[in-house]
Each structure stands twice: as structure tokens, then as C-alpha cells.
Amino acid sequence: MVAVKGSFYSSFCKHRGMEGSWNTLPVSRTEVEISTVLSCGQSFRWKQLESDDKAWIGTFSHKVWILKQTDTEIHFKVFQQGMEENGDKLDDEKNRGLLYDYFQLEVSLETLYKEWSKRDERFANLTIQDYRGIRMLDQDCVENVFSFICSSNNNIARISQMVEKLCLHYGVKIAEVEGKTYYDFPTVEKLIGEKVEKKLREEKFGYRAGFIAKTAATIVANGGVNWLENLKNVGYDEARKQLQTLPGIGRKVADCVCLMSLGYSEAIPVDTHMHQIAKKYLPHLAKLKTLTDKSYSEITDYFRALHGDYAGWAHSVLFASTLRHLKKDGVTENKETATTEETVDVNLDKSKNAKSKKSIVEKPTTDSSTKDDKQRRNCTSRESKETIPLRFEQVTQNSQQIRTFASVIRTFLCAVAKV
DNA sequence: TCGAGACCTAAGGA
DNA sequence: ATCCTTAGGTCTC
Numbered sequence: 001m002v003a004v005k006g007s008f009y010s011s012f013c014k015h016r017g018m019e020g021s022w023n024t025l026p027v028s029r030t031e032v033e034i035s036t037v038l039s040c041g042q043s044f045r046w047k048q049l050e051s052d053d054k055a056w057i058g059t060f061s062h063k064v065w066i067l068k069q070t071d072t073e074i075h076f077k078v079f080q081q082g083m084e085e086n087g088d089k090l091d092d093e094k095n096r097g098l099l100y101d102y103f104q105l106e107v108s109l110e111t112l113y114k115e116w117s118k119r120d121e122r123f124a125n126l127t128i129q130d131y132r133g134i135r136m137l138d139q140d141c142v143e144n145v146f147s148f149i150c151s152s153n154n155n156i157a158r159i160s161q162m163v164e165k166l167c168l169h170y171g172v173k174i175a176e177v178e179g180k181t182y183y184d185f186p187t188v189e190k191l192i193g194e195k196v197e198k199k200l201r202e203e204k205f206g207y208r209a210g211f212i213a214k215t216a217a218t219i220v221a222n223g224g225v226n227w228l229e230n231l232k233n234v235g236y237d238e239a240r241k242q243l244q245t246l247p248g249i250g251r252k253v254a255d256c257v258c259l260m261s262l263g264y265s266e267a268i269p270v271d272t273h274m275h276q277i278a279k280k281y282l283p284h285l286a287k288l289k290t291l292t293d294k295s296y297s298e299i300t301d302y303f304r305a306l307h308g309d310y311a312g313w314a315h316s317v318l319f320a321s322t323l324r325h326l327k328k329d330g331v332t333e334n335k336e337t338a339t340t341e342e343t344v345d346v347n348l349d350k351s352k353n354a355k356s357k358k359s360i361v362e363k364p365t366t367d368s369s370t371k372d373d374k375q376r377r378n379c380t381s382r383e384s385k386e387t388i389p390l391r392f393e394q395v396t397q398n399s400q401q402i403r404t405f406a407s408v409i410r411t412f413l414c415a416v417a418k419v
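Every letter in the first sequence is one number past the one before it in UniProt numbering, and letter 20, counting from 1, is 20.
No wet-lab data here; the hints were simulated from the structure.
Some hints could be false.
[Claimed, not checked] List of simulated lysine-lysine pairs, BS3-like, C-alpha gap at most 27 Å:
hint : residue 1 : residue 2
1    : 232       : 63
2    : 114       : 94
3    : 165       : 118
4    : 204       : 47
5    : 204       : 232
6    : 165       : 180
7    : 94        : 173
8    : 54        : 180
9    : 180       : 47
10   : 214       : 195
11   : 94        : 180
12   : 47        : 63
13   : 173       : 195
14   : 190       : 173
15   : 165       : 114
16   : 241       : 252
17   : 173       : 63
18   : 232       : 190
19   : 204       : 190
20   : 165       : 289
21   : 204       : 252
22   : 214       : 232
23   : 204       : 214
24   : 204       : 173
25   : 241       : 294
26   : 63        : 114
27   : 214       : 190
28   : 173       : 214
29   : 190       : 63
30   : 165       : 47
31   : 289       : 47
32   : 241       : 289
33   : 252       : 289
34   : 214       : 241
35   : 241       : 190
[To be verified] Across the chosen pairs, the derived CB separations fall in these ranges:
hint : residue 1 : residue 2 : range
36   : 26        : 194       : 47 to 53 Å
37   : 169       : 229       : 20 to 26 Å
38   : 223       : 54        : 40 to 46 Å
39   : 271       : 172       : 45 to 51 Å
40   : 283       : 223       : 29 to 35 Å
Model, not experiment: these values are computed from the prediction.
Quick reminder that beta carbons are idealized off the backbone N, C-alpha and C, glycines included.
Whenever a hint applies, use it, and build me the whole structure from the sequences.
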């Protein structure tokens, strides 16, 4: 065990039930900024600890984790069933490995940023110092599937509540921390049946109740969690196709699952905001009322051509970075919405951005370059040099921040679409 | 292919 | 106060 010392933690550790030891995982904030990663809408289960809002508490790998970050390390503490026998060095090493894998630290964000900046000058120009440390988590695919089924036509606050209810009603207790009981995400089998659907409707899941019970049944019929896990091995297109056979999982949710829990870094979830804004800048899509399968493909193909094999990461990074920008600047209690304007000089070298490159991290690559020429035509029709005004509305509450994603993403797409 | 409408609920704005 | 819209969509015609 590595004891964490110093005043930084003294107040934190003195709380009842917090006497246990801390461990450390060396990592710079350049590679991961946990406060951003844990709150940007990838996982719905992380909360700031009540006794210390600098610390985060959540669950993965059937354990409860408390995480806290310094400039050079993540300090973590683990709670699990059978805590009494816990605490030997072997567990420490194992947990450190689990944390490393959860944050996918084998992927060098610094390397990716460099690559994205080469391909896309807005990456270098926009908020380069602001969006450091934003990366994809490697989440459990069962939890991911059902969490994002809950996400349709919904807001993050309610999605989080629903996920918590699923755990509370159907999950196994893991541990009690600071007087609060934490439950594991339920197994697929637990979510099958009409009783579940009825119960979830009572719990205000709405039409998602049926989707959850039926998807659980379908997964089990297909071979259970192994079938789901095996989608990691069948390639992105096939995995997405298979996921979309599950009730309540359409293109967007399938892409969320592919990106966040199946390891397909090229998957790009296109939500309603992204679409509304994208069609302003991809002219031939503007006439479409709704996001069709075809237009969805065109949008994602475009971003894949621009950002490469980790396009899903790039997209999420920019998405989260803008949210983080809001959080940092707009901390006010009185709901005032000051706006700041800045300009970004978009001076682009078309040929450079259109050039296709290989992945820079060891990972199976998929060939999605067949439409490169078409995308290039679609997206190079504007002037190569423009000044784009960026507007950030400053808000405080999470829900409000989410609400402003439209304006936020405009910032990003505004630039991207004018390549 | 694309468009329209229904689907549950809750919160915020007009 | 009440209606309306929106929130990280999906499914059926």
C-alpha cells in the first residue's frame, strides 16, 4: 500500500470510513483529466464525493472506486465485496491495472493530438490548452448498452437516475461508502421479463422499459454476455449492425456502444445537435428534415476521413472540451449568461487535411477511405481562409451546459465544416 | 430512401 | 398557470 500524505489529503482521509490506504497510478494530466472524462457523458455513474468535491466516486469492474488526481498521479481507493481480506500487494497491482485499462492509458493522447493537429488545424488553433486529458473510457458493454438505451429522448440527469435505479433494483451490492450503498450494474439475465418491464414503467422509464427487457432477452437468446463481448472481434461495421438488431438500439446508440465499450475508436455517435449543425455546413444535407441512415453515414465518413482511425476519440474530445471550457469560465450562481467572443483563424491547407494517414497507435485498422474523394468534394467548396466567430455561453448547472451543446458544437463544426 | 408521428417523463421557458 | 419544447433517439408506416 502506498500511503498518501500531505495536507492535500488530510482533510479527505479523516472522514469516517475513509481510513484505508490510497494507491497511486502515475499519469500526467496531459494524458487524462479525470474530472472531465468522468463527467462528459460517457459514463453515467460517476459523482463527486460529498465530502470532497475534488474526488470522484463510481463503479467499474464490480468495485467501487474513489479517484483523486494530482499533476503527476491518480490516487485511488477501492471498495469491494469481502473487503476484510483485501489489502495485500497483489490486489493493489491488480487494481492499478484495472484503472489503467479503464482509462485506456496505453493509448497515447499526446500522440493522437499531434496527429489530429496535423490533419485538422482547428485542433491546434481552437482550445489546445483546454482540452488536454480528454479520452475515451473502456466501459463494460452490458452497462453501456442499457445506459444508452435510456439515453434516447432524454437528458443526462434523468439518464443517470435511471441507471442508478437499474443498479439499485437489480444489481448486487458492492460496498457501503460514506453511508451510501453502491450496487453493481445488473447482469443481463436480471433484466429479462414482463415483471421487469412493469417495474421499470412504474419507475418512470417510459417506453424504454420495454426496450430494456426485450433487449436483455434478445442478448441472452443470442448467447448472453459472451455474444455481446464477442462483438469486439467482428469488426466495426458488423458489430454496429448486430447491435442495431436489439430493440431500442438505433444507429446512434450502437455507435456509442461501439466507441465506448467495444473498442471501435472509429465509431462516431451523431446526435441531434451534431446533425442540426452539420447540415448547415454540409450543404447537400441541409434539405433533410431528419437524420437518415444515409446522411448519418456521410457525416461520420467525413469525420473519419478528416481525423483518421481514432475519429470517435477526436469527436468526443472536441465535444467534451467545449463543455469543459464552459465549466471553467462560467461559474456563476445567478444564472447569468455572459458571453465571450473569440475568433479563430482558419487558414487551411486542403491537401494536407485530405491526405489519408495510417493509425499511429497499434490497433486494428478498418479501411474507411473509399469515399475520400467524394467527401473532399463536398467539404472543400468554401473559402480556405475564414475568420469564424466563436460564442460560448457561460452557464453553471450540468443540465444547462448540456442545453448549450448546440452552440458549443457549432464552434467545432463551424470550423470543421469549412475545411 | 425519406418524412411524419408516436413514444414516457420532467424540467425550463414563453 | 398552462402550454410548448427539448432532452446525447428509435420504430413503424
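Evaluated hints:
Note on residue 232 and residue 63: the hinted pairing holds, with a Cα-Cα distance of about 23 Å set against a maximum of 27 Å. At roughly 31 Å between alpha-carbon atoms, residue 114 and residue 94 are farther apart than 27 Å, so this suggested pair is violated. Pair hint residue 165 plus residue 118 does not hold up; C-alpha atoms about 44 Å apart against a cutoff of 27 Å. The suggested pairing of residue 204 with residue 47 holds, with an alpha-carbon distance near 22 Å, which does not exceed 27 Å.
A C-alpha spacing of about 32 Å is found between residue 204 and residue 232, which places the hinted pair above 27 Å, so the restraint is violated. Distance restraint check for residue 165 and residue 180: the Cα-Cα separation of roughly 14 Å lies within the 27 Å cut-off, and the hinted pair is therefore satisfied. Annotation: proposed proximity of residue 94 to residue 173 holds, straight-line Cα distance about 21 Å (limit 27 Å). A threshold of 27 Å between alpha carbons decides the hint, and for residue 54 with residue 180 the separation of about 18 Å falls inside it, so the pair holds.
A C-alpha spacing of about 12 Å is found between residue 180 and residue 47, which places the hinted pair at or below 27 Å, so the restraint holds. Our distance criterion of 27 Å between C-alpha atoms is met by residue 214 and residue 195, whose separation comes to about 12 Å. Of the pairs offered as hints, the one joining residue 94 and residue 180 holds, with about 25 Å between alpha carbons and a cut-off of 27 Å not exceeded. Taken as a hint, the residue 47 and residue 63 pair is honoured in the structure, with Cα atoms around 15 Å apart against an allowance of 27 Å.
For the proposed pair residue 173 and residue 195, the alpha carbon gap of about 21 Å is at most 27 Å, so the pair holds. Taking the CA atoms of residue 190 and residue 173, the gap is about 14 Å. The hint holds against a cut of 27 Å. Of the supplied pair hints, the one linking residue 165 and residue 114 is violated, its CA atoms being roughly 41 Å apart against a limit of 27 Å. This hinted pair checks out: residue 241 and residue 252 have alpha carbons roughly 12 Å apart, not beyond 27 Å.
With a C-alpha separation of about 10 Å, the suggested pair residue 173 and residue 63 falls inside the 27 Å cut-off, and the hint holds. For the hint linking residue 232 to residue 190, the alpha-carbon distance of about 23 Å falls within 27 Å, and the restraint holds. With a C-alpha separation of about 19 Å, the suggested pair residue 204 and residue 190 falls inside the 27 Å cut-off, and the hint holds. Between residue 165 and residue 289 the CA atoms are separated by roughly 35 Å; this puts the pair beyond 27 Å, and the hint is violated.
Note on residue 204 and residue 252: the hinted pairing holds, with a Cα-Cα distance of about 23 Å set against a maximum of 27 Å. With a CA separation close to 22 Å, the supplied pair residue 214 and residue 232 stays within the 27 Å bound. A hinted pair counts as satisfied when its Cα atoms are at most 27 Å apart, and residue 204 with residue 214 qualifies at roughly 17 Å. Under the criterion of a C-alpha separation no larger than 27 Å, the hint pairing residue 204 with residue 173 is consistent with the structure, at around 23 Å.
As the CA atoms of residue 241 and residue 294 are separated by approximately 14 Å, the hinted pair is consistent with the 27 Å bound. A threshold of 27 Å between alpha carbons decides the hint, and for residue 63 with residue 114 the separation of about 35 Å lies outside it, so the pair is violated. Taking the CA atoms of residue 214 and residue 190, the gap is near 12 Å; set against the 27 Å cutoff, the hint holds. The straight-line distance between the Cα atoms of residue 173 and residue 214 is roughly 25 Å, inside the 27 Å bound, and the hint therefore holds.
Annotation: proposed proximity of residue 190 to residue 63 holds, straight-line Cα distance about 19 Å (limit 27 Å). A threshold of 27 Å between alpha carbons decides the hint, and for residue 165 with residue 47 the separation of about 15 Å falls inside it, so the pair holds. With a C-alpha separation of about 37 Å, the suggested pairing of residue 289 with residue 47 is violated against the 27 Å cut-off. With a C-alpha separation of about 24 Å, the suggested pairing of residue 241 with residue 289 holds against the 27 Å cut-off.
Note on residue 252 and residue 289: the hinted pairing holds, with a Cα-Cα distance of about 17 Å set against a maximum of 27 Å. A distance of roughly 17 Å separates the Cα atoms of residue 214 and residue 241; the hinted pair therefore holds under the 27 Å criterion. Our distance criterion of 27 Å between C-alpha atoms is met by residue 241 and residue 190, whose separation comes to about 25 Å. As the Cβ distance of residue 26 to residue 194 is approximately 50 Å, the hint placing it in 47 to 53 Å holds.
With their beta carbons about 24 Å apart, residue 169 and residue 229 fall inside the hinted range of 20 to 26 Å. The hinted window of 40 to 46 Å between residue 223 and residue 54 holds, with their beta carbons roughly 43 Å apart. A C-beta distance of roughly 32 Å is found between residue 271 and residue 172, which places it outside the suggested range of 45 to 51 Å. As the Cβ distance of residue 283 to residue 223 is approximately 45 Å, the hint placing it in 29 to 35 Å is violated.
The structure fails hints 2, 3, 5, 15, 20, 26, 31, 39 and 40 (numbered hints given earlier, in ascending order).
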